[in-house]
Structures are given as structure tokens and as C-alpha cells.
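Asker: Taken in order, these protein sequences are the chains called A and B.
To convert, take the position in the first sequence, counting from 1, and add 30; that gives our numbering.
To convert, take the position in the second sequence, counting from 1, and add 59; that gives our numbering.
By construction, these hints were calculated from the structure, which means they are not laboratory data.
Careful, some of the hints might be misleading.
[What the hints assert, rightly or not] For each label pair, taking beta carbons as the anchor points, the in silico distance ranges come out as:
(1) A:VAL415 to B:ARG234: 57 to 63 Å
(2) A:GLU372 to B:ASP238: 45 to 51 Å
(3) B:ASP100 to A:GLY328: 51 to 57 Å
(4) B:HIS204 to A:GLN315: 26 to 32 Å
[Said to hold, decoys possible] For the chain A half of the interface with chain B, some residues (derived, Cβ under 10 Å), not all of them:
(5) ALA214
(6) HIS223
(7) THR229
(8) GLY246
(9) ASP301
(10) ASP343
(11) LEU346
(12) ALA350
(13) GLU351
(14) SER378
(15) ALA379
(16) VAL415
The C-beta atom is built at its ideal place from N, Cα and C for all residues, glycine as well.
The lines below spell out each chain.
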Amino acid sequence: MSILIENARVIDPASGLDAIAPLCIQGSEILAVGAIPDGFEPRRRIDAAGRWLFPGVIDLSAHLREPGEEHKATIASETQAAARGGITTVVVSPDTMPPIDSPAEVELISRRAEQGCGVRVLTIGALTRGLNGEQLAEMAALKRAGVVGVGNARHPLASPLVLRRAMEYAATFELMVSLSAQDASLAGSGCVHEGAVSTRLGLAGIPEAAETAALGSILALVEQTGARVHVNRLSTRRGAEMIAKARADGLPVSADVAAHQLFLTEMDVADFNPLCHVMPPLRTQRDREGLRAAVARGDISAICSDHQPHESDSKLGPFAETRPGISGLETLLPLTLRLVEEDLLPLSAALERLTAGPAGILGHNGGCLKPGAPADFVVFDPEAVHEITPESWLSAGANSPFIGWTFSGQVRETWVAGRPAWNLPAEDSA
Amino acid sequence: MIAVAHPASQLPRAGPLPNSLQLTSDGRLQHLLTVEGLSRDLLSEILDTAESFANMNEKAVKKVPLLRGKTIVNLFFEASTRTRTTFELAAKRLSADVLNINVSTSSAVKGESLLDTLRNLEAMNVDMFVVRHQQSGAAHFMARHVEPGISVLNAGDGRHGHPTQALLDMFTIRRHKGDFTRLKIAIVGDILHSRVARSQIHALNILQAGEVRVVAPYSLLPAHVEDLGVHVYHNLEQGLRDVDVVIMLRLQRERMEHAHLPSEHEYFQLFGLTQRRLHLAKPDCLVMHPGPANRGVEIDSAVADGAQSVILQQVTYGIAVRMAVMSMVMGVRGA
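This is chain B alone, in the form it adopts within the complex:
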């Protein structure tokens, strides 16, 4: 069932989102808060810069002195392994000093506000914050309130955005497929709660991907999702037909508790990616997942570990992409 059939380029935009907060007056990246509103040139520049770091990461000596003497704080209000460690490795390979702070939700209950946390860390002469927070807009809030000269990188805020994840996904797709304009890409699963999906959709549209599809039941789609520039499918078989890339999203267990879905069993039957279904896509279709995958819920193990899967490459490239973003916001060029 194809609910919408008009191309993304003709979709009316809901209106301008001020994007100036993350750019300097001459258009360079000052913070990275959202993919939305980045120019195609700037996005390509990030990917090109990441390319040079990716080559370096394959060498024996994996370190450059670009951010020597800089202090980067990983400020994580939500649990994360992959994102935090790849940000940490990226910072270390750029020779920065890294401080990891995991703020449990209980200390927020103690009453220290995000602004207090920020002010205290600023007092330690920090150059960059990498922040993950359960509230949408938390990175924007920090960027609005940090001292001039300090950069904020959004490592995931609520359901709003996860720009470096989307950029590393674009990097992965570009390495394998090159030109985006000929590609059909399907994003499958819980779009409603996914910051990753929102950032990916913006990035794919900026790079002028041929067609961006979302595949999900209505109960996992946000209102007016087509306004983001996607075609909506409710049937995985139809949504997968002829796609070049399929991105599976993680399904959280609590979706069953809040009446979004009846059961994991029925979800896998309808929306789980199996080898049989993957045959409907192009033979060289890439299988991607931002991780951590729920095997047997949204993706079959055989597909996650199969020949078309690039799930582990996504993790590897995450380091190069984060190095690129960190060096660019600090105003230094690539390796």
C-alpha cells in the first residue's frame, strides 16, 4: 500500500527552521546539532574529510596532533556504548584530552539542572561538549548557553536527531554506492521514536537521494511524516522492492507496553528482515542497522551477519566521521 507517491522535491516545506545556531557567520560548522538545514556542500565536505581520516585509521599509527591540548567532554545523560566509545576514540586519535561523564538519571532527580552541569564543566576550560540527552532539543539548549568558542556536538537528543550517526550512514552508503541520486533507500521500523531515522531522512534528502522510503505500521509513524520528504509504505515486501539500501531500526520492548504494537512476534512476521524478503531488493542491496540490533525482532541473524550486511563497517566508519566533525568545528582541516 503506497500512501504517498509524489517525489520529495515537490513536497511543500513546512517552513524554515533557523539553522544559524550551528554555523559561524561565514558558514562554517560551529556546532553540530542537526542535519536539517546543512548545505549539500557542507555535508559533502564532512564526508570528504572523514574519507581522509578513514584512510589514516587503516594505518599502523592512527594518531594525528590536530586537537592536541584541546579538552573534549563526553556528557552522556543516557546509556550508550558504541556512540560514546567511538566519540572517545575519535577524540584520542586527534590527540585531544577526553573526559567521559555519565550522568545517571538519578542525579538529574537530585536537582542539578543541565545548565548547572554545563556551567560547572565550562569552569574547567572545556573546548567541546559531546552530549547525549533524553530530551529533544537538549543540544540546541546547550549550544545557546555555552560560552563563545565552545562547540557542542549532538550525540543524540530525544527523538530529535543523531547527526553523526546519519553522517556515518551516509559515509557507508557513499563508499559502497557512490552517487546518491540513483539510489532507493528504505528505512524500516519505529520511525516515530527514532532520532536516527529523522537525521537519516534529512541527510538523504540533502544529498538528493533518488527515493527515500519509510516502512512501518501507522502506530510507529509520526504525524505528517511525508512532509520530511519520504514515501510511506506499510508493507515490507512492497517497500523493499528494488531498493539499494535497507536500514533497519531497533524496536524497543516498551512499544508493546504503550499499545504501539501487539507483540514482537507479529512485528517480526510483518516487518522483520529475513533473507527471503531481502531477495525482493536489488541483489547488491546493503543492509544497515544503527545498532544494537534485536536479532529475531527486527532482523534475522542470518541477514545481520550475512554478506550484504555492513553493520560493523558502520561502527568502524563512525570513528572517521566523528574525527571529521570534531576537527571541523575546531576549525582545523583534515589529516
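Isolated chain A (complex conformation):
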């Protein structure tokens, strides 16, 4: 179907466009932006005056819990939550049950996603068999099945040698390696940042060095092997500085950060708030400022949701016994736009970290509004003010410390492949 959307403020960070402009859609792709091609006869015209229109958000790190933990969430429930949050592509971690270590799991997830609301679900395949950290997974088969990269989620690798071999093997097939930087032995049984708060609360801490020591090994091996590595969910200022230096030195590395790390700190854990139990842990205010600065400079090129929905029992218990994770799909875009309100970076740069930034990491043709790109975009009402309430929450996991926060602006419509995946219900319209 051909559609013309008129009068919106179109913001496309990839091309630098920010103007009131028409957007022409033909089938599942963008036909033109800025000018209406001769002879284009839209079947449908949409007046989007007063709205913003920008590319759909690409979330590099989410857990949708399917297969294996459907009591927490399903692909159907979570893709709906993603669409509500302006997310059009979700990249899932390989630590499902069973892990994504063979084409069967990749195909299962794709099939489930096709039955959903339309949001695209991409997969990171396992780096090692069953994420056991010892034997390599069949990466060539995973690549043929469609994974966008390989990684070991938060499961440790047996040795730096395994990491080296895995990087070399992945590089053979030009597969991106997505890694979490956390040294398992230094992290130990820690559940919060090691610092003033862990000391006061008597909780086992995870030192900053758990991230920087792991990152040091990763960067040394990137230099050795030339593998393309993406570091998932940084949590420390020093870690961000190490990434910045490695990029300046020309290493093929990139990094992302979870949105909650840009707003919360270890102080939010006090006293024993299980909603702020996340992995990697919330760190210090200094770390938060360092991560924010790295996002503003572009050293961290993507902000992700690190979505980890849980059933309520997972968060009911003494702090260390609760499961880590925040349900983040519905707050990724609102939190990122709040960085603009707080003058950390311009609107176009903030949107870039959610669209062209992650698309670049994936080597993906989306995340932009160029002709020929997929028609994945968001229609946004910048004037609305909305409070995140438990009633309007769509994710099956209500484990968010941001429920009750009020944000300015609201997603009105999320389109994927030229079709609406989400429309704001009329009663919620401002």
C-alpha cells in the first residue's frame, strides 16, 4: 500500500534531516522523504501536523523470555510493549532456555515474532555450546539461520584462550561478537556495586575492576584477532574511557549502555530496593556522569533497554536472593529523550543513539528514513505529558523503578514495515 504522511517534523539522524517534510511509503519500504516523487498516488494520506516522525528504535539488548521462561513474559507480550515504547527492532540475548545455540531456536523465535504485532526480533546466537563457556557453538550454522552476532550473554568463558578462539572463529564468518564485560571471579557473588552503599548495606559488592579487567582482556584480544566486538551494557566511567581510547586507536569495537544506568546509581539500591537490583550493578554518580558524557560524545554509540521482565515473585525476597533486571522496553525512548531535556545532547544525537547508532553496530540498513530503508518509524506527540502507570504498562514484567515517573512526549504510533504495530488508545490521548 502507498501512504503519504504529511506535515510532521521529520527527524532522521542518519541524514541530518530535521524539517517539516512529507514521507512517502510504498509497501514495506520508504519511497521518498522531503519531496513527493512525480506520479506518486498515495492510497492513504495522513496529516501528522504537530507530531514528530523519526526512525523506529533499535534495541540491542533485551530478554523476551521465550523460549523457556514464558511464566515471566512471551514474545507476543514483549513485542507489544516494545511497539508501545517506539521500538521497531529488538535484539534478543542468547540466554533463553534452551540457549540460542542452534538454528532451531533461531527459527522458533522468528516464527513466534511473526505471530506478534510486527516488531522485528533479531537474535544473538550463542558463542559457546549451551553457553557453557568451553566448546564453540556452530556459528556458521547460526549465521545461516540469521543471527546478527554471537555472544555468551552473562555466562563466563572458561579462559581467555576460549575467547580468543571464539573471536577468531566468528571473524571467519564476519560475525559480530557481542560481549558483556564482567570478570566472573572478581564479581563473585556480588549483587551491587562495591562502594559506599555495599559497605553500609552489608551486601557483597562487584568492584569496578570486574568490568575493567574483563574489558582489558577483550580489547587485547580484539587487537590480536581483529574480530569485530560489541561490548554490551557498560556500567563504569573507566570502562567507557577504555572503549573511547580503543576506538580512537582504530580498534573495531563499539559499546552500548542500558538506559537505567544513565539515571540511577548505587544510592537507589538503598534501602534494599529489589527493583534496582540489576546486572551489571548500578554504580556511582561519577560513573553515571561518565557514561552520560560517553553517550554525548558518541563513544558509546547506542543506548539499550537491557529489558529483563520478571514475575513478581522474582523480586520478593531479601535483596541478594531477588533476580536482577529491570523491565525496560517501555522506558528506553522516554528516558533517552529526557537526556535531551536535561541538555546532555541534542535531540537528533539522542535519537541517533537509538536508531542509526545501533543500526551501524548491526551493519543493518534500518535505523534511518532513507529511500529503500524499511518503513519502520515512530509518530510522536511532543506536547503530551504522560505518567508511566501500572495500568498502562504492557510488558508482562512490571519490575520497573520508573513506574510512577512522568515524561514529556508520547509515542502515538509505531510503524513496522509500512504497517502500524501500535496505536495509542484514544482514551490515553492527551
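For this one, chain A is given, so just place chain B on it according to the hints.
Answerer: Then chain B, alone, in the frame of chain A:
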């Protein structure tokens, strides 16, 4: 080696910890979860109340009817002799009915959650839980989830806190030394894993103790320990100099297995309290230990049993302090 030399009062606070959970809206004690954040007045009130019970405990009839008809459950997820029995005696001397439940770690493995345990006991119309648990924050968790009107007393949670122990230590120090503002106190040993030390440090700072020192190798000190309001020493001789009170902490055997220390032998050589070292402190320095002491590991028997030791008095006073806390959270005044 004195690593930090600025007074506790000038230390920046890391930020407010919400303390409202354990207080009623008019500022009375509803639960006792942590010492942190208690006011000096409230802490003094607990000690004053304990004083009246301590006098009563020395009499022939040691029982008052303050908590008659109340049911108190001692819910212990970790082994304990001293703490559990003194809580039990305290409850009985207040005429409450006491139920002791020792939940072995194996039944936690069976899958009953702390919340399930709590709900089942609540169904028996309990008035107060005394809880010891291996996880920091367990008492906070229970206080957040109990029915209104039920009190929770923290009898030790993980590495976080052991408020009644700290209060009985303060009681012991006050009985012997009076004014805290002139006192120098050294806490020696495994601060990293010690809930007792954390609660003692908070209590001493609330009572405006002159100087609080911790003495330990770096491997047994938590990160940013100085933010709690202490001066850090790594040498026992220097740490003991001119102190009025020395508190020795128990050293667990497993610290050797997890590479915190090389051996008990080397630990005793460097950090063990001997009569010779005690001479470096003030002549009337009190020797305290929350028990059970490892003789020959952190403390020499001659010191533990010596004239300056008040280790057994700490146990005796534990009953009065726990009676005070139990009566205050139940909203009744002292003896």
C-alpha cells in the same frame, strides 16, 4: 599507618538512607532493623529503658507482666545460641509467649520462601518476629511485608546489621565509662564480613564517641569504610594506643579459604589481642567481644578472662537491652 585522619563529624555522608520503615509517624520505634538513622534521643531512651530492666534482672523476682498475652516468634535461619537464648529470656521476663523456630538452610532449599514462612506464622496471630537470616536486608524485607501492628526485630542479617548487639555493647560501655564524647574506641578484625561492626560504628557515631577506629588488613575492610565515620588503622599497636575500649571481632575459619588471609597464625601475630599489646591502651581500657571468641586466634585467653574483660557482662546486659527494645516496639514503658 594511619590512612585517614579527619574527624568523623566532617565526613561527607553518602546520602540519606530512608529510615522511616522502623519508626511510627510520631517517631516511636515500630521495628528495630538497623541502628543507622536512629536519633541520639531514641538511642539513649533505649539504653535508659534497659537500665531499669537491668536493675530488675538483679532482683529475686525477674518477671514483669508488660507483654502478657503477646506472642513472640524467634525465627532463626542461622545457628545462634547466645542471641537466641537472650531474646528468649528477655521475652519470658516480659511475660510474653515465645516460640522458637530454627529454620535450617535445608528447608529453604525445599522451596519455602521467606515470605511463605512469614505468612504462615502470621496466620497464628503473632505480635513480634525476632529474625536472624544469612541475607542482608532480610529484616527490612519482613518489615515491609508483615501485617500492620506486627513488629520485626533484626537479630542479625547477613553482613548488614545486628542492632541489639550494638545496643548492648553501648549499654556496657556506658555503664563503665559514662560520657561517650571523650572515648576512643577501637574495633579490631574482620570488619568486611561483620554486621556487628557496622551496627557498632553507627551507634558510636550517633552517641558522638570521641574517636572510632577500625584495625584490620585491607583484605578485611569493606570499600570506603571511612565513609561510615571511622579512622582506619592497619597496625594493632598504633590502633590500640590510648583507647578506652577495644572490641575484638570473631575471625571465621573460612577467611583463609577465600584468600582474605594467609593463616590464623599470622593473623594472631599481627592482630591478636595479648596482654602485652593491651598495655598500649589506657590502663582501664575495656576489652569486649561479641562472642563466641576464638581464643588464640583473635584474642589470648588471658585477656578474654582477664580483669579488663567485660565479655560476660555483655551477655548479661543483652537480656535487659532486648527487654527494652521489645517493650518499646510494643508500645509499653519500662519496668
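Asker: Which of the numbered hints are not met once you compare them with the structure shown?
Answerer: Hints 5, 8, 14, 15 and 16 not satisfied by this model.
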